[in-house]
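Undergrad: Chains as they are written, first to last, in numbering that gives the first Met the number 0: chain U, 0 to 379; chain L, 0 to 379.
Any given hint might turn out to be false.
[To be verified] Derived DSS-like pairs: lysine-lysine, alpha-carbon spacing no greater than 25 Å straight-line:
(1) K2(U) / K2(L)
(2) K1(L) / K1(U)
(3) K313(U) / K253(L)
(4) K253(L) / K253(U)
(5) K313(U) / K2(U)
(6) K253(U) / K313(L)
(7) K2(U) / K253(L)
(8) K1(U) / K357(L)
[Unchecked claim] The following residues of chain U were derived to be distant from chain L, with all beta-carbon distances above 12 Å:
(9) K1
(10) P194
(11) Y339
(12) Y340
[As the list claims (entries may be wrong)] So the derived label-pair ranges between C-beta atoms look like this:
(13) L18(U) / G360(L): 52 to 60 Å
(14) E14(L) / A307(U): 58 to 66 Å
(15) E41(U) / K310(L): 28 to 36 Å
(16) D325(U) / A22(L): 39 to 47 Å
To be clear, the hints were calculated from the coordinates, so they are not data collected in a lab.
Ideal placement from N, C-alpha and C gives every residue a C-beta, glycine not left out.
Number of protein chains: 2
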Amino acid sequence: MKKRLFTPGPTPVPENVMLSMAAPIIHHRNPEFMEILQRVHENLKYLFQTTQPVVVLSCSGTGGMESAISSIFREGDKVIAINAGKFGERWGELVRLYTGGCIEETVPWGRAIEPGRLKELLREHPDAKGVCLTHSETSTGTAADIRALSAVIREESDALVLVDGITAIGAHEFHFDDWGIDICITGSQKGLMMPPGLALIAVSERAQDVINAAEDSAKNFYLSLAKALKAHSGDDTPFTPAVSLVIGLDEALKMIRQEGIETTWARHESLAAACRAGCTALGMELFSTSPSFAVTPVWLPEGVEWNAFNKALKYSNGITVAAGQDDYKGKIFRISHLGYYDELDMLTIVGAMERALKEIGYCFPVGAGVTAVQQAFLGR
Amino acid sequence: MKKRLFTPGPTPVPENVMLSMAAPIIHHRNPEFMEILQRVHENLKYLFQTTQPVVVLSCSGTGGMESAISSIFREGDKVIAINAGKFGERWGELVRLYTGGCIEETVPWGRAIEPGRLKELLREHPDAKGVCLTHSETSTGTAADIRALSAVIREESDALVLVDGITAIGAHEFHFDDWGIDICITGSQKGLMMPPGLALIAVSERAQDVINAAEDSAKNFYLSLAKALKAHSGDDTPFTPAVSLVIGLDEALKMIRQEGIETTWARHESLAAACRAGCTALGMELFSTSPSFAVTPVWLPEGVEWNAFNKALKYSNGITVAAGQDDYKGKIFRISHLGYYDELDMLTIVGAMERALKEIGYCFPVGAGVTAVQQAFLGR
């Protein structure tokens with residue numbers, strides 16, 4: 000059976016990226032590799048829309064988040080973390096680990112923090128040294144208005160703006176410099192269409208100054224952003240990088256460059272809209288009030304049991320989607336369209352859902368979902 | 000842009016088959032390779048449903064046809080060839096080359112030879128030494144009733160039954176032994192889901208006797224079936240085989256064995272039916288009166304120009320289908336569902352046709368085609 004992945008990381012890897020990583024390994028101190036890393040560094044700036052360094056760490060996205068927190072903050076620092084889902088919660092855990100506390104603001108799942116509420120928080124805590132935000136919260140398929148949130152922070156305080164862009168970069172419009180972001184992290188297995196293994200972190204001048212000034216007191220080593228930034232200035236890495244992944248990243252970044260980042264963003268927005276239209280046409284309700292363009296969370300319809308639906312998708316149709324997490328396990332599921340997906344893929348996933356729903360006896364007009372997808376792209 | 004192939008050879012190659020062929024090369028006189036070839040020989044018997052040898056030649060399907068003709072017939076032999084399309088025509092060319100003449104029966108494109116008409120031909124030519132048939136004529140997407148045709152030949156004459164099974168094997172029910180076939184050829188890049196480069200030929204006992212008795216007067220060398228049969232008896236090949244392709248074939252045959260040949264045939268029949276339903280729902284007329292399960296030929300609708308339609312498919316949607324050939328160039332086109340295709344792929348191809356038709360201004364209710372495909376598989 001053909002297998003098709005619709006999960007928000009790992010995401011499908013294009014054939015040319017896979018092939019580039021299958022080439023014989025080269026040494027990371029070899030000039031050939033330095034040239035690749037230099038090009039990767041350049042293209043990462045384009046991806047994040049910044050003139051500032053974007054470092055490549057050989058770790059997961061969580062490793063990237065820890066790298067930022069451990070390199071910037073110290074015991075006793077006041078940091079605000081917005082928790083609107085599992086990954087926002089992770090910000091809080093990391094902040095508590097490295098500062099001893101956290102101003103954690105909880106937002107109901109499926110909703111995004113309002114800029115007005117953030118303004119209140121900043122006024123309550125004028126001494127906050129940083130605010131940790133999530134651009135696209137993967138667990139809830141919900142996008143926050145990072146541009147507006149960052150503007151509020153810059154207006155109200157000197158706190159650094161840290162953005163978890165792990166499932167947003169490549170899917171949502173993002174301007175690191177213009178929006179005044181200080182830290183933004185993504186992972187390779189997301190919008191970058193790569194296998195897992197790399198975290199990419201953009202670092203503003205303000206953040207660099209803080210990191211470099213506090214380097215000696217940092218409680219990290221492998222994840223040190225100070226070390227990574229120093230090596231970056233010579234287009235190098237402080238430790239042995241995941242060489243074949245960097246080579247694949249080079250290939251993936253070339254693809255994004257060729258598509259053009261604005262087109263990449265627009266594609267994700269349009270795939271997400273078609274996916275929502277297909278789900279709605281099948282009588283399913285959408286979970287998020289501010290839907291992400293990377294992943295669409297959907298309520299399971301009345302009477303549809305998650306295990307049966309998922310089994311029908313996986314074992315009869317070769318399709319993997321993501322389950323709901325925590326309190327929403329068995330209540331919602333999540334369809335990813337992040338990375339290497341096109342419009343025909345939306346037809347495939349909605350068509351596969353029709354097949355699975357039919358198999359488990361859910362009542363709907365066969366073809367309604369795929370027709371809605373076609374109409375979303377083509378009109379009537 | 001994602002590329003998706005819907006052509007009747009090459010056909011898409013499964014990932015595990017591609018990976019098996021990317022492994023380091025081994026030597027063809029190595030016991031490891033002999034073991035692979037032995038398993039390939041066994042599984043080819045299963046594919047053709049025969050206890051007779053099926054030899055592996057490193058050449059295209061046409062090379063396989065020439066191998067059969069040049070190994071069996073001699074100058075002056077009378078051979079009947081049925082020409083109902085480009086590949087039937089090729090039988091005639093080969094027969095003329097090796098015998099000096101040919102009893103060629105032409106059948107209008109899109110139709111199959113009737114067993115009754117073949118009976119007449121055999122009565123007119125009781126001294127015919129062979130009859131060359133095409134199971135699925137790729138140029139016209141038309142299937143012949145090989146079982147009935149072979150029965151007529153066996154009843155009426157001693158002529159050998161030669162079947163071009165190049166796009167039929169794997170797609171259409173076929174029983175080499177039970178149906179009394181003497182020669183059947185397929186190519187690797189068809190139902191076998193492989194890249195091009197191998198021809199597979201099943202040879203009956205009767206045909207083996209003729210080939211061996213006439214070996215000394217054969218005007219061939221590399222394509223000698225006599226040499227191939229001798230080597231086959233020791234699970235060997237007479238000349239250096241395309242080693243990596245044989246390794247891939249081993250993998251592909253395992254997949255067919257795992258699916259079960261009856262299931263493989265049924266899958267093709269059902270994909271073809273859904274494809275026809277999708278085309279019809281879009282207002283397109285079917286070309287063949289006896290449609291192949293490997294490839295569906297469709298009339299271009301009134302006012303739809305082939306070049307514009309094909310460009311919209313290829314350059315806007317990454318889809319490759321096959322054009323009409325000869326007199327039907329620009330009038331019909333052909334959609335393949337031969338080999339590594341599943342039901343969701345039919346949704347993709349019909350969805351892509353809707354997209355291309357919409358782009359070039361053809362009028363139809365968006366979603367009608369994909370709905371027909373879903374209904375073909377799921378009911379209403």
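Undergrad: Taking the hints in turn, state whether each one holds.
TA: Going through the hints against the structure:
1. K2(U) / K2(L): 17 Å, holds
2. K1(L) / K1(U): With a Cα-Cα distance of about 16 Å, the restraint between K1(L) and K1(U) holds, given a limit of 25 Å.
3. K313(U) / K253(L): Within the cut-off at roughly 22 Å; holds.
4. K253(L) / K253(U): 37 Å, violated
5. K313(U) / K2(U): 8 Å, holds
6. K253(U) / K313(L): Judged against 25 Å, a Cα distance of about 22 Å means the pair holds.
7. K2(U) / K253(L): Roughly 18 Å separates the two Cα atoms, so the pair holds.
8. K1(U) / K357(L): The given pair, whose Cα atoms are some 29 Å apart, is violated under the 25 Å limit.
9. K1: Incorrect as stated: the minimum Cβ-Cβ distance to chain L is 5 Å, not above 12 Å.
10. P194: 14 Å, holds
11. Y339: Given that some Cβ of chain L is not farther than 12 Å from that of Y339(U), nearest at about 8 Å, it is violated.
12. Y340: About 9 Å separates Y340(U) from the closest Cβ of chain L, which leaves it inside 12 Å; violated.
13. L18(U) / G360(L): 52 to 60 Å: Given range 52 to 60 Å: violated, Cβ gap about 38 Å.
14. E14(L) / A307(U): 58 to 66 Å: For A307(U) against E14(L), whose Cβ atoms are near 28 Å apart, the range 58 to 66 Å is violated.
15. E41(U) / K310(L): 28 to 36 Å: Holds, at about 35 Å.
16. D325(U) / A22(L): 39 to 47 Å: 43 Å, holds
Hint compliance for this structure: hints 4, 8, 9, 11, 12, 13, 14 are broken, all remaining hints hold.
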